[in-house]
Every structure is written in structure tokens, then in C-alpha cells.
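J.: Assemble the complex: chain A is given as a structure, and chain B with the ligands must be docked to it using the hints.
Here the protein sequences come in this chain order: A and B. The numbering of the first sequence is our numbering, which starts it at 1 and goes up by one. The numbering of the second sequence is our numbering, which starts it at 1 and goes up by one.
There may be inaccurate statements among the hints.
[Said to hold, decoys possible] Once the Cα atoms are required to be at most 20 Å apart in a straight line, the calculated SDA-like pairs of lysine to any residue come out as:
1. K248(A) to F317(B)
2. K195(B) to L208(B)
3. K306(B) to E45(A)
4. K87(A) to S272(B)
These aren't lab readings, by the way, just hints derived from the structure by calculation.
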Amino acid sequence: MSLPKPDELISDVKLHSTPAKDWMEIKPELKKGYYLSIVEPKYLEELDLPHMGKWQPYDEKWPLPDDWREKVKEELQRRLRINRGFKLFMDICVRCGACADKCHFFLGTGDPKNMPVLRAELVRSVIKGEFSTFGKLFGRLAGARKLDEDIIKEWFYYFYQCTECRRCSVFCPYGIDTAEITMMMREILLELGIGTDWGIKPVHNSYYIGNHVGVPPQSFKENLEFLVWEFEEITGIKIDLDKYINRKGAEIMFVPLSGDYFAEPGIYTMLGYLVLFHYLDLDVTMSPFATEGGNFGFFNSLEMAKRLHSKIYDEAKRLKVKWIMGGECGHMWRVWHQYHNTFFGPIDFLEVPKSPITGTVFEHAKSNKIIHIVEFTADLIAHGKLKLDPSRNDHLVVTFHDSCNTSRGMGIFEEPRFILKHVCNNFVEMPENTIREKTFCCGSGSGLNAGENMEIRMRGGFPRANAVEYVHKEYGVNHLACICAIDRAALPTLFQYWVPGVEVGGLHELVANALVFEGERSRDVDLRRRPLKTPVKGVD
Amino acid sequence: MNVGWSFLIFLVLLLIPWVGVGVLGLQGLFVTVIPYVCFLIFIVGLVYRILNWAKSPQPFKIPTTCGQQKSLPWIKHSRLESPFNTFEVVLRMVLEVLFFRSLFRNLRADLQGKKLIYGSAKWLWLGAILFHWSFLIILIRHLRLFTNPVPSVIQFLDYMDSFIHSFGVPPVYITDILIIAGLSFLLLRRLVDAKVSYISHGSDYFPLFLILGIVITGVLMRYNLKVDVYAIKQLTLGLATFKPVVPEAKIGTIFYVHLFLVSVLAAYFPFSKLAHMVGVFFSPTRNMPNNNRADMHVNPWNYPVKHLTYAEWQERFREAMENAGIPIDEEAEKEEHEWYTIYGPNKNLNL
Ligand code: HEM
Ligand code: SF4
Ligand code: SF4
Numbered sequence: 001m002s003l004p005k006p007d008e009l010i011s012d013v014k015l016h017s018t019p020a021k022d023w024m025e026i027k028p029e030l031k032k033g034y035y036l037s038i039v040e041p042k043y044l045e046e047l048d049l050p051h052m053g054k055w056q057p058y059d060e061k062w063p064l065p066d067d068w069r070e071k072v073k074e075e076l077q078r079r080l081r082i083n084r085g086f087k088l089f090m091d092i093c094v095r096c097g098a099c100a101d102k103c104h105f106f107l108g109t110g111d112p113k114n115m116p117v118l119r120a121e122l123v124r125s126v127i128k129g130e131f132s133t134f135g136k137l138f139g140r141l142a143g144a145r146k147l148d149e150d151i152i153k154e155w156f157y158y159f160y161q162c163t164e165c166r167r168c169s170v171f172c173p174y175g176i177d178t179a180e181i182t183m184m185m186r187e188i189l190l191e192l193g194i195g196t197d198w199g200i201k202p203v204h205n206s207y208y209i210g211n212h213v214g215v216p217p218q219s220f221k222e223n224l225e226f227l228v229w230e231f232e233e234i235t236g237i238k239i240d241l242d243k244y245i246n247r248k249g250a251e252i253m254f255v256p257l258s259g260d261y262f263a264e265p266g267i268y269t270m271l272g273y274l275v276l277f278h279y280l281d282l283d284v285t286m287s288p289f290a291t292e293g294g295n296f297g298f299f300n301s302l303e304m305a306k307r308l309h310s311k312i313y314d315e316a317k318r319l320k321v322k323w324i325m326g327g328e329c330g331h332m333w334r335v336w337h338q339y340h341n342t343f344f345g346p347i348d349f350l351e352v353p354k355s356p357i358t359g360t361v362f363e364h365a366k367s368n369k370i371i372h373i374v375e376f377t378a379d380l381i382a383h384g385k386l387k388l389d390p391s392r393n394d395h396l397v398v399t400f401h402d403s404c405n406t407s408r409g410m411g412i413f414e415e416p417r418f419i420l421k422h423v424c425n426n427f428v429e430m431p432e433n434t435i436r437e438k439t440f441c442c443g444s445g446s447g448l449n450a451g452e453n454m455e456i457r458m459r460g461g462f463p464r465a466n467a468v469e470y471v472h473k474e475y476g477v478n479h480l481a482c483i484c485a486i487d488r489a490a491l492p493t494l495f496q497y498w499v500p501g502v503e504v505g506g507l508h509e510l511v512a513n514a515l516v517f518e519g520e521r522s523r524d525v526d527l528r529r530r531p532l533k534t535p536v537k538g539v540d
Numbered sequence: 001m002n003v004g005w006s007f008l009i010f011l012v013l014l015l016i017p018w019v020g021v022g023v024l025g026l027q028g029l030f031v032t033v034i035p036y037v038c039f040l041i042f043i044v045g046l047v048y049r050i051l052n053w054a055k056s057p058q059p060f061k062i063p064t065t066c067g068q069q070k071s072l073p074w075i076k077h078s079r080l081e082s083p084f085n086t087f088e089v090v091l092r093m094v095l096e097v098l099f100f101r102s103l104f105r106n107l108r109a110d111l112q113g114k115k116l117i118y119g120s121a122k123w124l125w126l127g128a129i130l131f132h133w134s135f136l137i138i139l140i141r142h143l144r145l146f147t148n149p150v151p152s153v154i155q156f157l158d159y160m161d162s163f164i165h166s167f168g169v170p171p172v173y174i175t176d177i178l179i180i181a182g183l184s185f186l187l188l189r190r191l192v193d194a195k196v197s198y199i200s201h202g203s204d205y206f207p208l209f210l211i212l213g214i215v216i217t218g219v220l221m222r223y224n225l226k227v228d229v230y231a232i233k234q235l236t237l238g239l240a241t242f243k244p245v246v247p248e249a250k251i252g253t254i255f256y257v258h259l260f261l262v263s264v265l266a267a268y269f270p271f272s273k274l275a276h277m278v279g280v281f282f283s284p285t286r287n288m289p290n291n292n293r294a295d296m297h298v299n300p301w302n303y304p305v306k307h308l309t310y311a312e313w314q315e316r317f318r319e320a321m322e323n324a325g326i327p328i329d330e331e332a333e334k335e336e337h338e339w340y341t342i343y344g345p346n347k348n349l350n351l
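So here's chain A without its partners, still in its complex pose:
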């Protein structure tokens, strides 16, 4: 799909003026390049989900089920009843507007319905209009309206222009989290049978094959074989893969991300994990079934999130490991950190994670028995267990992108920075208001990283890209490190568009680059075969 040039794309964005018409009177106009396609009904069927047959969002009349109105009302009320957060967020917004210009989709489109407060009003107005006496009595004056078919289109359009990034929630005086609202609204759309192609197919793959991209176990192994072969070509070091796949009785089960063994540049992060395991001779293995730490189910419904991740603890049990470690991924860690324990706990068949190398007991994960590989590695470095030569990353000027999920849904800020500072010499932060808890989403999270909605992705990613552009021009940053597989898939496209010249990669790629192996041989390229600034002098 052809996009306008970067300079033209956002020329229509006005952050301080609004349409003449009241937002309730503006009918949803589904712009091409902004929305996702609808999935083939058979995928929904095979996942026991309702569907609306074969149709697409651009169809004038949507084939909604006959009782759609009752269904929507019933499902709204159900969620108000069983989810305090949702109910509260519907009740207490004062429309102070503090969240208005915090959303990257608003900053990239200027569309007022992308202000988090209005995104929420899209539902709040219906709840008032359908269920509240005040709302029924005063109508528009109280911000209330009645349900109609256009509203369903509007919901579909705008709740898939929210990446559930929680940036708005940081600034709201009541912590109103539009991400929670989006989650509930996507569930309700799903109840009607509305599921997106990019959102549901990965779920189907993950459910039946084991990972989002649908890599079967034999290809999983082949891909890893290719990676360790590459590594051997470059360094002469041979990694034996067999013990890392489906071996019973290992101490640790590691769960990777499909993005990391499927395509560049994620594969170098996967390689980074394997290199680290090999370096430590770690007693770790991976399940060929639980080959996906990420969870696209989460972008559709909480139930689906649970359906996909049941396999993780089940596999840990079957493989008789002691504890679980997870790779570098954003939404995966939102789910693992904030939801897993509630979904699957109490986890009493595993042990509290303890690093076999340093003896550190990870008390903060004592209940759900899962730690982040970045926590694991930071602990190794702090104990001096890794011999690192940061100059091996001197060809890179690195910045760090805090992924929205790990930032605002977990709070892992220092561990990755600690690692970065030990594995490279040139580390530059992006401007203060665009990092840490105020970080900007890549614009493609929560199941939006498809091809057909490229324009909204480029617009939504604009604030992130803009901050990268700043450090690129100011400090010559040419590499962005992140701990999210969706970032690694989405950001290269984003940067190609907005800031060519900045590459993207995971943290453990840089760790592996910097690792000094005993008796290693000389080389003059990094794991991606990019020339090193100062070649490694080995013992050969």
C-alpha cells in the first residue's frame, strides 16, 4: 500500500483545533489504511467463537446478528457487574482533558475520537443513554446517546486504534485506564462475532500449533539450528541444541517468542538467549509446544488469553522443571506479570526461582515462579558472572525504548538499562518525556501490526519515531534496543518510514555481542555480520 511521504502524512494533524460538529454527530467514516480486515469465519469457528459470516468492515451494512442490540446491552452490563475497574472508569471521569494529548494515536491523527477521554466516551455515552435515568432524561446534555449500528462501527474503528498502552492512565488523576476499556470493548465486539484477521489468526496458530506465526516444531528446531550454525560460522563456537528442546528434568523452562525465531531482527535476540545459555552451561530447556510467550488472545478477550497460556504451566509440569524464565516481550510480560498468577495460581508444583549461577533467590516472583530473562541477566552481571567487552558494540550508538507493557504494566526500567550500560559504551536516552513511564508505543501493539492498516501504524508510531529522530540527528544513534518482540517486528518498518538509519534489536543480542568466551577466535563482525569497530583478537 502506498503511503504519502512522511512530511505530508501528518500535515493534516491539528492538535489544538477541533471539528465544528459535535462528536456525537460525526458518523464513523472508516478510512482505508486505518482498520484491520475481518478474519475468515472458519478460524473463529475452530476457536469456538461466534462469527458473522464472510464480510469486511467496508461493507455498507454489517451482518450483525438479529439480537445484536440485546447482546451488546447484556454484555455491557455483565462487564459492569463483574469488573470493578471498568465500572468505575465508566462512572468517574470528570472530562478534565489531562489525557487528551497523551495518546500517540491522537498525536498522529489529530482525530478527537482518539483522545482517550473520547474513546471512553464512545461507550460511556451508550451506558448513560441505555441504563441511566439521568442519561435517558437529559440525553446529549448529560453526554448520553442511544445504541445504533453506526456506534458498533465506531467502536470497531476506534477500539482498534488503541494499542492498550496505558499512557493515558499515567496522567489521569483517577488512573482511568483506557486500555482496560478497550479490552472490554473488544470482548464485546467478539461476542457479536467481530474478530480481526491479524488478531485471530495468531491466536489460532498459537492454540493449535504453539505460536503466533504458526511455526511447527520441526521448523522451530530448524530455525534455531540455522542460528547456531551462523554463530559457529562467525565465532567458531558450537552450541548443542538438543538439550534445549523438550528435555525433561531440566532446572529451568525457557519460553521464547515466535517473533524471535521467525524473522530479522528478532532472530538475533533468540540467538542471544542461546549464546547466554551456552556460555553459562545453563540447565534449561524449551517446550516445543509452549513456543510462544506472547499472547494475542489478550488482544481479543481475557478468556482467550487464558486459553492460550494454560499450556505454559502445563508444560512446566510435564517437563518437571523447577521454575520458568521468559524472553524479551512486551505484552507477554503484561500478561505474565499481572494476569498469570490470577489465571493459574496457586503455582505450588514449582519452586521459587533461584539463579543456579549466583544463588540469588528471586523473591519478587516467589508466588508465580516466573522471572524475566532481563532480571536474570542483570543479576548475573551484578555478580560479575559474565565477562563482557562493551567495546564490541562500539559500532553502535544505542538508545533504549521502554515498551509500553513492560513499563506501565510491570515497571521494569532499571534492569535493562543496567545491562545496556555493561554491554555497550555508547548509550543515549531519548528525551525525558518520551521514555520510562511516559514512553510512547510503537503504534502497532495489541494486534495492530498488520499490513492493511499501515497508515494508522505510521501515524500512531510518529511520536516514538520523532523522539528517535531527535537522538539520531543529535547524537548519531543508529541502534535502538528494546525488550519487546512486537517492537522488533514493527519498529524497523516505522523507522524505515520516519528515520531511516536506525536499526532495532533486543537486549540479549547486544549481550551476546559483548560476551567474551574462553579461548574464542578472532573475528571482525558482530552477530549480524556488521563490521566491528575494533576487531576481536582471539587466541587463534
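T.: Structure of chain B with the ligands alone, referenced to chain A:
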């Protein structure tokens, strides 16, 4: 348009006591029945809201983590932004409720050419703080009307609030000036700022008009249209002790307007956005600790779900795995598991 209607409703409310007392002479109705009914609505309504929130379960522990998590012992965790225990949560909440900490973070985004700039934007915070704190202090000061003798704390507050008198300025309360400043700012902002104006409903302007109305009638009563304070105190004490008396002395219609608007505010409170006063305490993104992996949160409606088991999966890929040299788990057994779903054709659970 929203503003207009909401102002009109406010004007009507203003006229009601004017006509009711000034013309029809229904003092009794306006000083007894209406305040009592409205305050009853306030209490019952608020209790209803609170119970309603309290009894709906919070399924997941979802704090918005705005700072470093507690993980490794040598990494300093942010006790306020990523509270790990109840004490830290309380600290975070206190700062939110008393000082609007999240609002203090506010930024303003501007697009200059192709550059996004984020500037500091503390005005909203300041206006909100001025308004809320003044409101609170004024409310407490009012207790002198409902107590006899007046507790010294309230006397002291009264004294502090009016200490600028000693500089020879006219006898005004500081909070009176500040609340009018705060409210005017909030109202102006709503009218002038394009985005805020665009998101505002009539019901967003209404409380501002109402509270401004209350403040202005109050101030007028004190500084211009002098009312009989002794008679008022008789009346308010009577109300507070459930022995209401309709004062014989003429108080001045302005007082009835003031009291009526306060009654309306009370009755309106629980059913409007003003309920944020209580709601803020329930906010799951602020009142829960970020200790999910250390301390399990229970969801009362958690249910087992349908999922594929390893045995089923392995059966499907057995041959490919054997060819690829991936170990087969011969012990894996096919097991049925109990499951529920709230979706689609197999729906078997109604939450
Ligand atoms: C625990 C007590 C309370 C807290 C923490 C609180 C907090 C806040 C915050 C943070 C705002 C957003 C900023 C703003 O728009 O001004 C706000 C708005 C507002 N509050 Fe409160 N509030 C409390 C009690 C009250 C009470 C008792 C009233 C009045 C009866 C009130 C009336 C309002 C109004 C009218 C607004 C909207 C202002 C506007 O239109 O811009 N609040 N509150
Ligand atoms: S910041 Fe919170 S209260 Fe203010 S408008 Fe946004 S959601 Fe509503
Ligand atoms: S969660 Fe993120 S994408 Fe969604 S409305 Fe809030 S800021 Fe925008």
C-alpha cells in the same frame, strides 16, 4: 450549546428559591423539607454508589506502574510509583487524593512543523488544587454554624483563613478569593481550550455553575447583602440537632438561594461525575500494589477454560518431531479437562 442549556438550568434553579421564598413565602419548605430530603439523597445515594463499587469484584491486579518495580535487592524500587505493599499503596493514594500527583505530571504536546514538543502544563493542577482545597476548608469552616460551642480547631481555621485582615485589607477569607480564582480558571479553560470544550457535556459545566453560584451567594451574603447571622445560626443548629425551626427574623432571600443551591449540589452529587470524590479511592490502577508475582490475587469468577493439551498436540506433530529428532514424550496422556466459556455456540457459563 451545552454551556447554554446548562446555564439555563442553573438560572431556573436560582429562580426557584427566589420565587418560592421571596414571592410565595415558603420559608418552611426551603429551610427544612428540601435540605433534609436532599441530604438524605446525598447520603443514601453515596452509600449506594460505594456499595455498588465495593461489591463488584476487581478481577485482576492491574496497578499502572509508573516507576521501577521491586525485583532485585540492589535495584532501588520506586515506592510511590510501583508500591509493593499496602503501606506504599497508602502513600501513593494519599498523594493522589490530597495533592493530585498524577495531574501534576501533566504535559502539553505541540506539533511544530514535524517536531513534537512536550512542555510543562501545571495550570490545570494549580486550578484544581486551589478549587478543591478551598472547597474543603470552606466546608470545614461552615461547621461553626452547626456546632455550639464552636470547637477551637474550627475557630483557629477561621482565624487563619482571615488573617490577612490584619494587613488592613477588607475582611475577606483567603479561600473565598482562591476558590473563585480556581473555579473561574476551570470554567474559562473549559470554554476556551478547544479540546476541553469539545469533550465537555452540559453536565460538565453544570457543577461549575452550581458551585460558583454557591460561592458567590455566600460571598455576597457576607460582604454585601448582610444577613442576620444570629438567625441563621439558630436555623442551622436546629437543622443539625433535628429540631428545625423556621426563624422569625427576616434573613434575606439570598440566604435561601444559597441554601437551596447547596441542597441541589448535595442531591446531584452521588449521581454525577462528582462521585469521583469516592470513586478515586476505588481506582484499581492506583490502589493496588505491584507485587503480582509475589502475591497471588484471586478473581472470584476465575473459571477453567478449554485448551489444547500436550498429548493432543504431540499426536498431531509426532511424525514431524521424530523426523526432526525432537524427543517424543511417551508418558503424555490424553486427559479430558473441565472447561467453561462465556462465548459463542458452546457458551456454558453466565457470569
Ligand atoms: C477526595 C476528594 C476529591 C478529589 C481527590 C478530587 C479530585 C479531583 C481532580 C483531580 C479533578 C480534576 C482536575 C479538575 O478538572 O479540576 C477534579 C475535578 C473536579 N472536582 Fe474534584 N475531587 C474531590 C472532591 C470533590 C468535591 C467534594 C467536589 C465538589 C462538590 C469536587 C468537584 C469537582 C469538580 C466540579 C471538578 C471538575 C472541574 C472542571 O470542570 O474542570 N471534587 N477533582
Ligand atoms: S484524565 Fe481521566 S478524568 Fe480527565 S478526562 Fe481523561 S479519563 Fe477523564
Ligand atoms: S491506552 Fe494508549 S492507545 Fe489506548 S487510549 Fe490510552 S494512550 Fe491511547
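J.: Decide, hint by hint, whether the structure agrees.
T.: Hint-by-hint comparison with the structure:
Only pairs whose Cα atoms come within 20 Å are accepted, and K248(A) paired with F317(B) is accepted, the gap being roughly 18 Å. Between K195(B) and L208(B), the direct Cα distance comes to roughly 18 Å. Compliance with the 20 Å bound is thereby established for this hinted pair. Pair hint K306(B) plus E45(A) holds up; C-alpha atoms about 14 Å apart against a cutoff of 20 Å. Our distance criterion of 20 Å between C-alpha atoms is met by K87(A) and S272(B), whose separation comes to about 14 Å.
Taken one by one, the earlier hints all hold for this structure without exception.
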